[in-house]
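Enquirer: Residue numbering for the sequence shown follows numbering that gives the first Met the number 0, starting at 0 and increasing by one per position.
A portion of the hints provided could be inaccurate.
[What the hints assert, rightly or not] Below are the SDA-like pairs computed for lysine to any residue, each with C-alpha atoms no more than 20 Å apart in a straight line: (1) K525 / A206; (2) K126 / M80; (3) K87 / Q21; (4) K557 / N540; (5) K126 / I217; (6) K189 / L166; (7) K189 / R247; (8) K403 / K341; (9) K341 / M296; (10) K414 / E317; (11) K45 / E142; (12) K91 / P79; (13) K559 / H470; (14) K559 / N486; (15) K90 / L73; (16) K279 / K525; (17) K525 / I217; (18) K19 / K87; (19) K19 / K90; (20) K220 / E555; (21) K236 / T226; (22) K479 / L558; (23) K40 / E142; (24) K280 / M80; (25) K111 / L76; (26) K479 / K414; (27) K60 / S145; (28) K339 / D78; (29) K547 / I531; (30) K556 / S521.
Everything labelled a hint here was simulated from the structure, so no lab data went into it.
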Amino acid sequence: MMGIQVSEGIAIGRPLIFKKKQFNITEEIAISYEIENQIIKDAFAKAEEQILNLKEKAIKKAGQEEGDIFEAHLMMLRDPMMRESIDKGLKKNQSAAKAVEDTKNKLMEMFKNIPDSYIQERAADIKDITERLLRIILREEEEDLSQISEPVILIAEDLSPSETVGLSDQVKGIIVETGGRTSHAAILAKALEIPALVGATDAIEQAKDAQMMIMDTIEGKIIVNPTEEELQVYEKKQQRYELEKQQRMIYATQKAVTKDGYPIKVYANIGSLEEWEVAKKYGANGIGLFRTEFLYMQNHHFPTEEEQFSVYKKIAEEGGEEIIIRTLDIGGDKNLAYYKFKEEMNPFLGNRAIRFTLSHIDVFKTQLKAILRAALHGNLKLMYPMISSLEELYQANQCLEQCKVELKEAQIPYKEDLSVGIMIEIPGAAIIANELIKEVDFFSIGTNDLCQYTLAVDRMNPAVSHLYIPHHPSILRLIKQVSQAANEHHKIVGVCGEMAGDPLYTKLLLGLGINELSMSSSSIPKVKEIIINNSYTECQNFAREIEKISETKAIEKKLKEDMGC
Numbered sequence: 000m001m002g003i004q005v006s007e008g009i010a011i012g013r014p015l016i017f018k019k020k021q022f023n024i025t026e027e028i029a030i031s032y033e034i035e036n037q038i039i040k041d042a043f044a045k046a047e048e049q050i051l052n053l054k055e056k057a058i059k060k061a062g063q064e065e066g067d068i069f070e071a072h073l074m075m076l077r078d079p080m081m082r083e084s085i086d087k088g089l090k091k092n093q094s095a096a097k098a099v100e101d102t103k104n105k106l107m108e109m110f111k112n113i114p115d116s117y118i119q120e121r122a123a124d125i126k127d128i129t130e131r132l133l134r135i136i137l138r139e140e141e142e143d144l145s146q147i148s149e150p151v152i153l154i155a156e157d158l159s160p161s162e163t164v165g166l167s168d169q170v171k172g173i174i175v176e177t178g179g180r181t182s183h184a185a186i187l188a189k190a191l192e193i194p195a196l197v198g199a200t201d202a203i204e205q206a207k208d209a210q211m212m213i214m215d216t217i218e219g220k221i222i223v224n225p226t227e228e229e230l231q232v233y234e235k236k237q238q239r240y241e242l243e244k245q246q247r248m249i250y251a252t253q254k255a256v257t258k259d260g261y262p263i264k265v266y267a268n269i270g271s272l273e274e275w276e277v278a279k280k281y282g283a284n285g286i287g288l289f290r291t292e293f294l295y296m297q298n299h300h301f302p303t304e305e306e307q308f309s310v311y312k313k314i315a316e317e318g319g320e321e322i323i324i325r326t327l328d329i330g331g332d333k334n335l336a337y338y339k340f341k342e343e344m345n346p347f348l349g350n351r352a353i354r355f356t357l358s359h360i361d362v363f364k365t366q367l368k369a370i371l372r373a374a375l376h377g378n379l380k381l382m383y384p385m386i387s388s389l390e391e392l393y394q395a396n397q398c399l400e401q402c403k404v405e406l407k408e409a410q411i412p413y414k415e416d417l418s419v420g421i422m423i424e425i426p427g428a429a430i431i432a433n434e435l436i437k438e439v440d441f442f443s444i445g446t447n448d449l450c451q452y453t454l455a456v457d458r459m460n461p462a463v464s465h466l467y468i469p470h471h472p473s474i475l476r477l478i479k480q481v482s483q484a485a486n487e488h489h490k491i492v493g494v495c496g497e498m499a500g501d502p503l504y505t506k507l508l509l510g511l512g513i514n515e516l517s518m519s520s521s522s523i524p525k526v527k528e529i530i531i532n533n534s535y536t537e538c539q540n541f542a543r544e545i546e547k548i549s550e551t552k553a554i555e556k557k558l559k560e561d562m563g564c
């Protein structure tokens, strides 16, 4: 049984095959347009109430970013396209249920036919929302997975975000036949720290006669009907894994300093104040990436300067030794319900991030003014995403200077000497790092996009995801080139992609000259442990050894050997 690992861990339990109840929707004729339309209105109102409750539950259990999955559901529910499609069905004399069912099928087909794996996976969100409407209309109870009372490994054809966030604590592992790493159910499983595999075709068939199952996503093993000896081995392994996780929390409160006294900044990537509270518990000393797009995505309009100032001021006051705020990174996989993006053949290479804000100067300047004002209340730093040229950087900085002039004329206090940096996530920017560093105060390498753009691989596409290799020699050389440029100018260079939180790469990144790592909160203790137990000299020597290797498999072997894997 193969699949794509979403979150690591060891699960032991009885396999529970979850088969969703199918809706029995007939071609019944509508009573009248008015009555069916009222049924739809009531269903939408009830669905909105339920989704808001799920959002609150997700925030409490997992974090703001995961809660915003349900904000995206609300946006889809409020999208006029869905209501218009349902209304067309009602006008054809369809019942409310039939109109919703036809809309579900039409929208899912439309999403699945778009040649982008991330967008294809949003079809699962459409299914979740429309099936919620159908349950309300047909007065059917939602299947309750919160009442599972014994340890199980849940196996399903697919799992919706609503079902995932409502899982019982007794669900020790998840195996889903469909979906990829960017499915919202997968994101939630990772945030909830449940060992999970997605894209595991034929999982239901292979597990249908099983009485017991072991799931080890660390080593990529699934054992169906294990022997008594195998059970004993994995029970001990599971206990050891959980104990190590607990012991690692000791490092959360310690300073990230190497054995030979070299300090490393270990920060958190967050999108809200609630997430900062969690990050502090895991030992984050500051915020290396504050994602402002969530403030835009959960609004019904472009947030005003005052709305943004209020949020940034709070994070400035409470966010640790320093807070790096990334300007709006919208487009690509992140859209806004209240703004119509032009259709693009490849939105990830299109009008996104700094390109979007530079083509919407009013939106950009509103955000810059809010950040300039909030910076008086804490150690805020400003970071532009997806910079590809000096010209873009000059244009962004020119906007910043205009904002300072306008604030001064309006006699509104702001921070004059705001520290400004850029994300290095485009290979072209990495290549001209020597020129870019002269114009900024710091670099932050976004390794997710840097890998994707350098290797021409959609990391969320199961067909090619094996080619997405962060330790590819080309990626390591680009990271070194960027870090050398920053270090030569005595400026900070950080990493805020997934590599930063993967302990496999900690020594290597330090050895390549990285002096700041920003990651998801739960990764912090393990990364700190590696920093504290190694010298900076050891890291440099290790990086030199890796640089001599040209093949990715040999590099991976060396990395794993060093980790004791």
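Enquirer: The structure should be examined with respect to each hint, and the outcome stated for every one.
Expert: The hints, checked one at a time:
no.	hint	result
1	K525 / A206	34 Å, violated
2	K126 / M80	15 Å, holds
3	K87 / Q21	24 Å, violated
4	K557 / N540	13 Å, holds
5	K126 / I217	31 Å, violated
6	K189 / L166	13 Å, holds
7	K189 / R247	19 Å, holds
8	K403 / K341	31 Å, violated
9	K341 / M296	17 Å, holds
10	K414 / E317	18 Å, holds
11	K45 / E142	17 Å, holds
12	K91 / P79	18 Å, holds
13	K559 / H470	12 Å, holds
14	K559 / N486	28 Å, violated
15	K90 / L73	25 Å, violated
16	K279 / K525	15 Å, holds
17	K525 / I217	15 Å, holds
18	K19 / K87	28 Å, violated
19	K19 / K90	30 Å, violated
20	K220 / E555	19 Å, holds
21	K236 / T226	15 Å, holds
22	K479 / L558	17 Å, holds
23	K40 / E142	23 Å, violated
24	K280 / M80	43 Å, violated
25	K111 / L76	18 Å, holds
26	K479 / K414	33 Å, violated
27	K60 / S145	13 Å, holds
28	K339 / D78	11 Å, holds
29	K547 / I531	26 Å, violated
30	K556 / S521	25 Å, violated
Comparing the model with each numbered hint stated earlier shows that hints 1, 3, 5, 8, 14, 15, 18, 19, 23, 24, 26, 29, 30 do not hold.
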